[in-house]
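Colleague: Sequence:
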Amino acid sequence: MKNYSKIIKINNLSNLIINKNKYLVNSEKKKDNKSLFNKKIKEKKNFTDSAIDNRIITHVRNLSNNQNIQVIPSITFESNSDLLLSKIIFKNETILMSWIKSLLKLEKIFFEVEKKLGFFPSLNFMAKYCNFKQKKLKNMIVIGKYSKKILIKKSLKLIISISKKYSDKGLAFEDLIAEGILGFMKGIKKFDFTKGHKFTTYAHWWIRQSISRAIDDQSRIIRIPVYVKEILNKITKIKMTYYEKFNKYPNVKELSLISGIDENQIQKLLLSCNDVISLDATLDSNDEGDPLRDSVEDLSTISSFKYATEKNLKTDMEKAIMALSDRESAVIRLRYGLDDGKERTLEEIGEFLNVIISYKGNKRKS
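Note that the sequence shown ends on residue 366 in the UniProt record's numbering; no numbers are left out.
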């Protein structure tokens, strides 16, 4: 009996193992079929995507070019080997500039394609469009961006030193540095490294120009146009030159003769360059002093002396008018507007009083 029960258990166990193996074999077959099916779909999809990309690329190349530029999405290094393989000497300014110029050209192409497609293209798409391998295009972008960062870092001392010269012109020092970097980037786009000139010498002018333009645009509460600021700078130079020669500053007429600008226009320009000061600003350097508005004369109020003078004059006038008859008093009051401040003509007074007033001393007729 015991042996029989053992045989049953062994049979059941063997059946269980066989069924399990069958299930595993069937599941593997299903998995293989599924992976094969997915592979075919993927190949078909890749073939379709490639055909669509090629068709779009052909269409884009046939369209006209656009000159705008947009920044490419940031791509980081996958490993340090990407930089080592590129074999770039990053201390060489000429090599840095060549890679940055390549990056700018790629940015331009990216933006042109985006304008034509209506969406920003992928890196794979652009690699096909430019007839590059994707890895090569990626390295060009990454190395170009890295070169730009290195060049900015190397020139940061120059940007800071130039910004310090404009620190008292109404803009924060951080804003001056930011504007200097923007000018530096403009210089990179304009610089031709093939001529052999040093870039920092060329960039110096662009940094100064960007900072001075930013000060003209942003430092004042009431903005003065750039062309007006240039005329004011010209007038200032004339004044300084005149002072060095004659030991005095020129007047408006002399400025007009030297500069060739109309006198009225010079007066308006000189008024426009005055700084705006808040009435809430304190007179002392600290914030504990009295505000400026307490020391500014209020022209809308009448001084005590003027008030007393006018009051006495009015009292004397009332006494003099009281000596006249009612009709004469009314004529004086209406003529000079003593009651309502409105002066009237003799015809209006005559109509009002129902009399005829003659200019030549004729008698009045009632």
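Note that these hints are calculated values from the structure, not bench results.
What you are looking at is a predicted structure, and each value in this text was computed from that prediction instead of being measured.
Check each hint, because a few of them may be wrong.
As the list claims (entries may be wrong) - List time: in silico DSBU-like cross-link candidates among lysine-lysine, alpha-carbon distance up to 35 Å:
| # | residue 1 | residue 2 |
| --- | --- | --- |
| 1 | Lys101 | Lys169 |
| 2 | Lys164 | Lys116 |
| 3 | Lys268 | Lys149 |
| 4 | Lys115 | Lys128 |
| 5 | Lys268 | Lys153 |
| 6 | Lys115 | Lys165 |
| 7 | Lys136 | Lys165 |
| 8 | Lys169 | Lys135 |
| 9 | Lys248 | Lys186 |
| 10 | Lys153 | Lys115 |
| 11 | Lys342 | Lys306 |
| 12 | Lys248 | Lys190 |
| 13 | Lys154 | Lys248 |
| 14 | Lys116 | Lys128 |
| 15 | Lys105 | Lys186 |
| 16 | Lys115 | Lys105 |
| 17 | Lys116 | Lys165 |
| 18 | Lys128 | Lys229 |
| 19 | Lys149 | Lys133 |
| 20 | Lys115 | Lys169 |
| 21 | Lys189 | Lys115 |
| 22 | Lys234 | Lys248 |
| 23 | Lys101 | Lys153 |
| 24 | Lys245 | Lys186 |
| 25 | Lys164 | Lys138 |
| 26 | Lys138 | Lys169 |
| 27 | Lys165 | Lys135 |
| 28 | Lys229 | Lys138 |
| 29 | Lys115 | Lys136 |
| 30 | Lys115 | Lys164 |
| 31 | Lys133 | Lys186 |
| 32 | Lys165 | Lys153 |
| 33 | Lys190 | Lys138 |
| 34 | Lys164 | Lys128 |
| 35 | Lys101 | Lys239 |
Colleague: Now tell me if each hint is right for this structure.
Modeller: Verification of the supplied hints:
1. Lys101 / Lys169: holds, 34 Å
2. Lys164 / Lys116: violated, 44 Å
3. Lys268 / Lys149: Not satisfied, since the Cα-Cα distance of roughly 46 Å exceeds 35 Å.
4. Lys115 / Lys128: holds, 18 Å
5. Lys268 / Lys153: violated, 44 Å
6. Lys115 / Lys165: The given pair, whose Cα atoms are some 41 Å apart, is violated under the 35 Å limit.
7. Lys136 / Lys165: Since the Cα atoms of Lys136 and Lys165 sit roughly 43 Å apart, the hinted pair is violated (cutoff 35 Å).
8. Lys169 / Lys135: violated, 48 Å
9. Lys248 / Lys186: Judged against 35 Å, a Cα distance of about 41 Å means the pair is violated.
10. Lys153 / Lys115: Distance ~32 Å between Lys153 and Lys115 Cα, so the pair holds.
11. Lys342 / Lys306: Between Lys342 and Lys306 the Cα gap is close to 22 Å, so the pair holds against 35 Å.
12. Lys248 / Lys190: violated, 43 Å
13. Lys154 / Lys248: violated, 46 Å
14. Lys116 / Lys128: With a Cα-Cα distance of about 16 Å, the restraint between Lys116 and Lys128 holds, given a limit of 35 Å.
15. Lys105 / Lys186: holds, 14 Å
16. Lys115 / Lys105: Holds - the C-alpha atoms of Lys105 and Lys115 are around 16 Å apart, at most 35 Å.
17. Lys116 / Lys165: Distance ~45 Å between Lys116 and Lys165 Cα, so the pair is violated.
18. Lys128 / Lys229: Violated, at about 50 Å.
19. Lys149 / Lys133: Given pair Lys149, Lys133 holds - Cα atoms ~25 Å apart, limit 35 Å.
20. Lys115 / Lys169: Roughly 40 Å separates the two Cα atoms, so the pair is violated.
21. Lys189 / Lys115: Judged against 35 Å, a Cα distance of about 21 Å means the pair holds.
22. Lys234 / Lys248: holds, 18 Å
23. Lys101 / Lys153: Holds, because 17 Å separates the two Cα atoms, which is no more than 35 Å.
24. Lys245 / Lys186: violated, 40 Å
25. Lys164 / Lys138: Outside the cut-off at roughly 38 Å; violated.
26. Lys138 / Lys169: Outside the cut-off at roughly 43 Å; violated.
27. Lys165 / Lys135: Violated. Lys165 to Lys135 sits at ~45 Å, over the 35 Å cutoff.
28. Lys229 / Lys138: The given pair, whose Cα atoms are some 45 Å apart, is violated under the 35 Å limit.
29. Lys115 / Lys136: holds, 24 Å
30. Lys115 / Lys164: violated, 41 Å
31. Lys133 / Lys186: holds, 30 Å
32. Lys165 / Lys153: The given pair, whose Cα atoms are some 20 Å apart, holds under the 35 Å limit.
33. Lys190 / Lys138: Distance ~24 Å between Lys190 and Lys138 Cα, so the pair holds.
34. Lys164 / Lys128: It is violated: about 48 Å lies between the C-alpha atoms, which goes past 35 Å.
35. Lys101 / Lys239: Status violated; Cα separation ~44 Å.
In terms of the numbered hints stated before, the structure departs from hints 2, 3, 5, 6, 7, 8, 9, 12, 13, 17, 18, 20, 24, 25, 26, 27, 28, 30, 34 and 35, listed from lowest to highest.
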